[in-house]
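Every letter in the sequence shown is one number past the one before it in full-length UniProt numbering, and letter 111, counting from 1, is 111.
What the hints contain is simulated information worked out from the structure, not anything from laboratory work. Some hints could be false.
Unchecked claim - Quick list of simulated restraints, FRET-style, between CB atoms:
| # | residue 1 | residue 2 | range |
| --- | --- | --- | --- |
| 1 | Asn44 | Ala186 | 17 to 25 Å |
| 2 | Ser318 | Arg161 | 24 to 32 Å |
| 3 | Leu309 | Ala260 | 39 to 47 Å |
| 4 | Val230 | Ala260 | 22 to 30 Å |
We put the beta carbon where it would ideally sit given N, CA and C, even for glycine.
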Amino acid sequence: MPAGKLWLENLTVAKLHRLAIAIGAPCSGTKAARIEGIRRAVTNVARNGGCGSSDLSLLSIDMGIRNLAFAHITAPLRVTDSAGNFQYGKPRLQAWRRLAVSELPDVARAVPISVHLDNSREASAAKESFEPVDYATHAYNLINYMLRTYQPDHVLIERQRFRSGGGSAVQEWTIRVGVFEGMLYAALRTLIEERKMHLRVEPMQPSRVNRYWLEDRMHPSTRKLAGREVKRAKIELVGDMLQKANPHICVGKGMHPFVADFVSSCNKVSKKKPTATAGMTKLDDLADSLLQGLSWIEWQHNRSRIEALGREAIDLDSGAMS
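Turn these sequences into a full structure, and let the hints steer you where they fit.
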């Protein structure tokens with residue numbers, strides 16, 4: 001790969017870090033590794049046609065088995081300058097759900113899924129099967145339903161970690177979700193090939209999404225947020241987006257009751273003690289699926305701007321997008 005963008009060499013590690021966050025590139029490693037990550041991210045978006053040639057239909061999946069969440073986001077394609085560069089217009093949230101994969105027949109019948117986890121789901125948890133043959137059926141049914149219902153041209157899938165908190169043990173539940181993640185990719189690839197679909201599937205690293213939304217909210221001297229604090233911060237961020245006029249997102253027709261339910265639940269969580277976790281998981285899954293999709297859209301914008309404008313796309317004094 002040709003080096004290109006030699007002006008990146010003149011940026012400090014701190015500025016490269018900020019630029020990498022803005023485009024969803026790796027933020028760790030040596031200076032050379034960070035520069036290569038930024039170049040690769042920008043080159044890939046150019047190779048893939050930037051923001052494409054049509055309006056966006058994006059499906060963002062936050063992985064889980066009892067708590068899988070997804071958001072369907074659309075956005076119009078628009079010309080942004082005289083050079084004919086394209087970017088997506090304001091995203092619109094068209095569908096937003098959280099479900100257990102064993103509930104897929106209910107999804108196919110378009111039964112509304114509430115923000116709240118009811119007792120029947122908890123009671124049925126003991127009955128669910130974790131056999132690979134059942135996982136495969138769930139994966140196929142879920143993907144087939146989503147492709148048929150939402151007709152996405154991009155699918156984002158949260159990348160799973162096998163370890164968390166620096167621990168050496170790999171939890172059994174983590175393995176189960178990882179197996180299901182692989183089955184989703186397999187089902188997607190099979191259907192793409194069989195149906196000759198123009199569909200891009202991309203993994204999304206949760207750590208990069210979190211940095212994009214939360215890093216600037218912390219003072220440089222502030223300690224790193226704990227896991228439950230990250231969850232709370234993301235829930236409150238999405239709640240603020242949805243209850244105010246916001247440049248990041250607008251709510252599609254038919255979604256207002258569900259969004260109002262989310263905002264109401266979010267306000268209840270915000271009033272609880274910082275250490276309280278009750279009710280956060282249900283909201284966190286939904287928040288993750290939405291923030292993941294919005295991150296991807298903004299990363300495409302920023303990468304396209306860098307490809308088109310070069311060093312003029314950023315503030316060389318700070319490394320931030322200009």
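| Which hints from the list above does the structure break, by number from lowest to highest? | No hint contradicted; all consistent.
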